[in-house]
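Letter by letter, the chains look like this.
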Amino acid sequence: MTEITPKIVAEHGLTTEEYERVLIIMGRTPNLTELGIFSVMWSEHCSYKSSKFWLKKLPTEAPWVICGPGENAGVIDIGDGKACIFKMESHNHPSFIEPYQGAATGVGGILRDVFTMGARPVANMNALRFGEPDHPKTRHLINGVIAGIGGYGNCIGVPTVGGEMNFDPCYNGNILVNAMTVGVADTDKIFYSAAAGMGNAVVYVGSKTGRDGIHGATMASAEFDDDSAEKRPTVQVGDPFTEKLLLEACLELMATDAIIAIQDMGAAGLTSSSVEMSDKGGVGIELDLDLVPVREDSMTPYEIMLSESQERMLMVIQPGREGMAREIFEKWELDFEVIGRVTDTNRLILKFDGEVVGDIPVPSLVAEAPEYQRPWVRTPPPPILSADEALTGIEVGPADALVELMGSPDLCSRRWVWEQYDHMVMGDTVQRPGGDAAVVRVHGTNRGLAVTTDCTPRYCFADPVEGGRQAVAEAWRNLTACGAKPLAITDNMNFGNPERPEIMGQFAGCIEGMAEACLALDFPVVSGNVSLYNETNGIGILPTPAIGGVGLIDDVTSKMVSSGFVSEGEDIVLLGETFGHLGRSLLLRRYGIGDTGAPPRVDLRMERRNGDFVREFAEIAAVTACHDLSDGGLLVAVAEMALAGNMGADLLSAAEDIQPLAWWFGEDQSRYLVTLDQGEDLVTAAKSRDIPARLIGKTGGSVLTLADGNFIPLSKLRKAHEQWLPQYMAAS
Amino acid sequence: MKAAVIVSPGSNCDRDIQVALRQSAKVEPIMHWHQDPDLPAVDLIVLPGGFSYGDYLRAGAMAAHSSVIREVVVRANKGVPVMGICNGFQILTECGLLPGVLMRNAQLKFICRDVDLRVEATDTVFTRSYLNQQIIRIPVAHNEGNYFADNDTLNRLDSENRVAFRYCTPKGEVNAVANPNGAARNIAGILNETRNVLGMMPHPERLADNALGGTDGRPMFDCLVQALSAVA
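Protein sequences, first through last, are from chains A and B.
Sequential numbering from 1 applies to the first sequence in the numbering used here.
Sequential numbering from 1001 applies to the second sequence in the numbering used here.
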């Protein structure tokens, strides 16, 4: 038997203090299998030890929330007896080491989180951050990640309907791959993970267990260095066809009343699933590891418990229903093995080859997991740049700047990405990728789920509180712009090393801003994931709290709004206040002094008021198109609407008191562009609610014309917008 | 009309076809599980898109050797209309009901987007509600849609008017720009000699509903229902 030395303890990522705690809980020296179990359960990835204290500050409740954070995914009520179940999760480290499999298994994992609760997945999204385009690895990483996401989602037959992709040098050594799944279930058929019923069968279903992914959770909890490529064996390998079988088999069994509890085997595999089920149920679980279906010979208990082989589930089945359940899984040609029983001991007992090879008190393993209030320092607020300071030395005119920005890595079309995703399978994608939010119909109805992912990391870095507010507000705004009532979010908190006080300060700041926005907008967090230690050789990423938002549209045939211009000669109205804020804007990134100054401020009261007004007005009046303003500001938003509708516009001049470049490219928040026949009606209605509103032009033609006489043919704009990414990817 | 949709474990467009057929026929198609022993007598068999048995070897290759597809071949040879979409087309070439093969897309990437098609053959139960040379917009979503056959076969397909659809520009020109996957002679769909078997890469079921952005695919289902209801 392996002796547990300080070196082995350290290799398992446990500190001396943490190991002492293990000794107290166990009352003896643990064996290697037990040490491995503590190691993964107490890893940052599984225990949230650095983040738990802060996560508690996020609002998680609303009348429509059925299940908030803590289960596999969040659950909200969407009416008519249906629930929407969704979550976003990161697969950053594996995707950097092995982009195709890392990204693919990220999608597989989040799909399982959602269908393990009883939902049929109806949409996938992703939020991706890559390094600078000129970095030698970036192209290869994009290729692999996109192919991996597509390869998995396309095969299982769940549409990948949208997402976001950014570039920044800070991600050169640590890309972010956050995958989100949205599913729909009946509200009376939601499944949880709490095991119950002494003697009930604990059943293993799905793929066999192999040696892949051992210590994946531990890897995800450490910084990278130059030898990271050596960690390739810790990346799992996905098989979407098996996941499809598992999905259908689980849903078929879920239609019966045979399942008491179900939990997917994600990070930390059989360990976390059995511990979770036993802890949630307040029961013990005894497993006979000889019965676990394995892919390879002579696997040890340690390997079986820590493997992260994909496409596996653990269930507790009602007595007497095992035969029926087995038939379903055999029909789908999947393994189905009773590998243990529920007990009343509150202990996880592992047997192998006739001997007890592990015996751990579950309540202590879970409740006494370390929790840290790590030291943190508040990020000093950056100075607010005046427009004069910001624009010093910038000679470009708005028209030229627009063409340049629309063809830049930050704003160019992502078509090259989403055309590799099957975004139409399942026949309910009523708003395809490329707009503010994607919309999928709730199958068999006219109701629609709007889905978006958002975050502006450069704002979060400059001012974490403001950036946290903005990420949530922008998700809310995107859903609002397509006519949806925003309901709830999932968050994927991607940060650097939490042991550095400035990183912890970013985390604390983002949480503070997010919490304020969630409260002000009635937009609670129902699920989420934390990914820390996103650093390579001590260089951290920009703080990136990716927000996945879900909203509901009552009737997609009448209440859904899209962003493209629709009819000639309509008024284009700008709603919300424009200050001409240029700090951290894309204009400055391209032409000015770079990513400097304070980010734009989000006034949450104004955000709420403007958004509620847009939604209300869209319902009663003939709004033909709506688009929110974000990266790049007003002129970029106009251009996006023009390209989406293949129709030009004639624009009026900038407001008198704001410099033209600041007017057109300032990134002030809480703003929308709306088109309609009678713009004056909207301006009047808005003003009666104290909402600044202004006619900025008229739709029509095939050219964008500015009041300064400059004009841009849409064909030129489209070429610039569409060509950058495919050309970049085709180069070598 | 009675229609059967063959459901393999990895089918993922089976429900989409079911919805389209239900909409046109007002009757439920039979969703026939691949392991069920007896394929009922039907007027139409559809092989839907997806990944049939995982498509590990070559898309459709494993399905071509399944018992249910062997039965489909028997029915097709007896004259039952068989329509294979996407993975269904791949299976039809692998099992020999249609000539040629579907190779990996020329650009080596999965491609999902609306494409324009020129209807080239309208004397079939599948296509007779379209006009000859009509241009329709239908989505593709595949990784292996690059149709290939030797020149003799391609010449024969042309001379026997067995190319049902070709990829074209919005104006109807058949050229390289309009070709999404490198398919020989821009072929998007072909017929067998007796014109009762159609294989096509584009998904007509995906644009048969205005809410999804178009209905150019719907006439295929409408005319199948009409033609085959008259038979029954």
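To be clear, the hints were calculated from the coordinates, so they are not data collected in a lab.
Think of the CB as a built atom: it goes at the ideal place given N, C-alpha and C, for glycine as much as any other residue.
Among these hints, one or two may not hold up.
Below, in silico cross-link-like pairs of lysine-lysine (DSS-like), each with a Cα-Cα straight-line distance of 27 Å or less [said to hold, decoys possible]:
no.	chain 1	residue 1	chain 2	residue 2
1	B	K1002	A	K331
2	B	K1109	A	K82
3	B	K1109	A	K719
Chain B regions said to be covered by chain A (calculated; three or more residues, Cβ under 8 Å) [to be verified]:
no.	segment
4	1077 to 1085
5	1188 to 1201
Notebook entry, point to check: Okay, the segment 1188 to 1201 of chain B and chain A, do three or more residues pass the C-beta test at under 8 Å?
Noted result: It is violated, with 0 qualifying residues against the three required.
Check: If you draw a straight line from the CA of K1109(B) to the CA of K719(A), is it 27 Å or shorter?
Finding: 22 Å, holds
Checklist line | Claimed coverage, the segment 1077 to 1085 of chain B by chain A - three or more beta carbons nearer than 8 Å | finding: violated (count 0)
Margin query: Given the hinted pair K1002(B) and K331(A), is their Cα-Cα distance within 27 Å?
Written below: Given pair K1002(B), K331(A) holds - Cα atoms ~26 Å apart, limit 27 Å.
Next item on the list: For the pair we were handed, K1109(B) and K82(A), check the Cα-Cα distance against 27 Å.
Entry: 36 Å, violated
Violated hints, in rising order: 2, 4 and 5; the structure is consistent with all others.
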